[in-house]
Amino acid sequence: MIDWRAIDTVLLDMDGTLLDLHFDSHFWLEHLPRRYVELHRLDDATQEEVRARIIREQGSLDWYSLAYWRRELGVDIVALKREVQHLIGLRSDALDFLTWLKQAHPRVVLATNADRESLELKLPLTGLESYLDAVVSSADVGAPKEEQAFWWALQEIEPFDPERTLFIDDNPSVLESAREFGIRHLLGILQPDSRRPERRIESFIALERFARLLPQDLPPQEDPHG
Numbered sequence: 003m004i005d006w007r008a009i010d011t012v013l014l015d016m017d018g019t020l021l022d023l024h025f026d027s028h029f030w031l032e033h034l035p036r037r038y039v040e041l042h043r044l045d046d047a048t049q050e051e052v053r054a055r056i057i058r059e060q061g062s063l064d065w066y067s068l069a070y071w072r073r074e075l076g077v078d079i080v081a082l083k084r085e086v087q088h089l090i091g092l093r094s095d096a097l098d099f100l101t102w103l104k105q106a107h108p109r110v111v112l113a114t115n116a117d118r119e120s121l122e123l124k125l126p127l128t129g130l131e132s133y134l135d136a137v138v139s140s141a142d143v144g145a146p147k148e149e150q151a152f153w154w155a156l157q158e159i160e161p162f163d164p165e166r167t168l169f170i171d172d173n174p175s176v177l178e179s180a181r182e183f184g185i186r187h188l189l190g191i192l193q194p195d196s197r198r199p200e201r202r203i204e205s206f207i208a209l210e211r212f213a214r215l216l217p218q219d220l221p222p223q224e225d226p227h228g
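For the sequence shown, the residue numbers in my numbering are 3 to 228.
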């Protein structure tokens with residue numbers, strides 16, 4: 003699928019690509035609305051209003067900002083995330099892929115919309131940093147990956163040749179933005195959330211497993227983080 007001789011840089015999304023999106027789906031659509039109602043002693047029907055409020059911000063920088071939701075909802079978002087942090091985990095064969103990338107030596111950069119508070123929670127729990135050459139958050143540059151400003155800023159921070167770059171992300175809107183910027187090698191993810199069905203992604207090749215990208219006959223790696 004990929005001619006690795008043509009790749010110098012690999013840009014990777016985090017949530018839904020390297021990590022199972024189930025944690026985020028559960029937290030934002032179930033756990034947070036329920037705990038918001040409990041903490042503010044509101045009627046259960048308010049949960050649906052909170053979900054709708056969250057979804058309205060989708061694709062914006064605020065959508066990804068824990069500080070924004072802390073102000074808007076008046077709850078400690080990080081503390082509530084820690085209540086369900088046991089759900090944070092790598093997608094099935096992400097570790098094999100990351101291990102191979104480290105041995106193959108392209109530059110590997112986490113290009114994520116997750117803000118620094120989210121990264122401070124997830125990176126230590128998953129051990130991702132040991133496989134990465136750099137981490138760039140949309141919060142660092144002031145624009146989400148859905149906007150061209152993110153890619154221009156990323157290229158300033160981490161110079162890369164779009165023609166020799168592979169980018170993998172589960173969000174079709176982000177992939178479209180990367181394509182507009184000129185990144186040549188783009189791949190989506192069929193099942194970002196292990197508890198939900200595979201999705202149909204138009205206009206992009208989508209992966210079921212990273213194994214499709216690896217040379218054959220690699221021994222599987224055990225995940226030291228469970």
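It is possible that some hints are incorrect.
[As the list claims (entries may be wrong)] With a straight-line cut-off of 20 Å between C-alpha atoms, the simulated DMTMM-like cross-links for lysine to aspartate or glutamate are: (1) Lys104 - Glu32; (2) Lys104 - Glu59; (3) Lys104 - Glu85; (4) Lys104 - Asp5.
[To be verified] If you anchor each label on the Cβ, the simulated ranges turn out as follows: (5) Glu178 - Arg214: 32 to 42 Å; (6) Trp6 - Asp45: 34 to 44 Å; (7) Arg186 - Glu131: 37 to 47 Å; (8) Asp64 - Trp6: 30 to 40 Å; (9) His28 - Tyr70: 18 to 28 Å; (10) Ser205 - Ala8: 13 to 23 Å; (11) Gln87 - Asp10: 20 to 30 Å.
Everything labelled a hint here was simulated from the structure, so no lab data went into it. Think of the CB as a built atom: it goes at the ideal place given N, C-alpha and C, for glycine as much as any other residue.
Hint by hint, here is what the structure shows:
1. For a cut-off of 20 Å, the pair hint linking Lys104 to Glu32 is broken: about 36 Å separates their Cα positions.
2. A C-alpha spacing of about 36 Å is found between Lys104 and Glu59, which places the hinted pair above 20 Å, so the restraint is violated.
3. With a C-alpha separation of about 32 Å, the suggested pair Lys104 and Glu85 falls outside the 20 Å cut-off, and the hint is violated.
4. Between Lys104 and Asp5 the CA atoms are separated by roughly 17 Å; this keeps the pair inside 20 Å, and the hint holds.
5. The hinted range of 32 to 42 Å is not satisfied by Glu178 and Arg214, whose Cβ atoms lie roughly 22 Å apart.
6. The hinted window of 34 to 44 Å between Trp6 and Asp45 is violated, with their beta carbons roughly 56 Å apart.
7. The given range of 37 to 47 Å is broken by Arg186 and Glu131, whose C-beta atoms sit roughly 27 Å from each other.
8. The given range of 30 to 40 Å is respected by Asp64 and Trp6, whose C-beta atoms sit roughly 38 Å from each other.
9. Distance hint check: the CB atoms of His28 and Tyr70 are about 20 Å apart, consistent with the given range 18 to 28 Å.
10. A beta carbon spacing of about 21 Å between Ser205 and Ala8 agrees with the range 13 to 23 Å that was offered as a hint.
11. Against the hinted window of 20 to 30 Å, the Cβ-Cβ separation of Gln87 and Asp10 comes to about 35 Å, which falls outside the hint.
In this structure, the hints that do not hold are numbers 1, 2, 3, 5, 6, 7, 11, in rising order.
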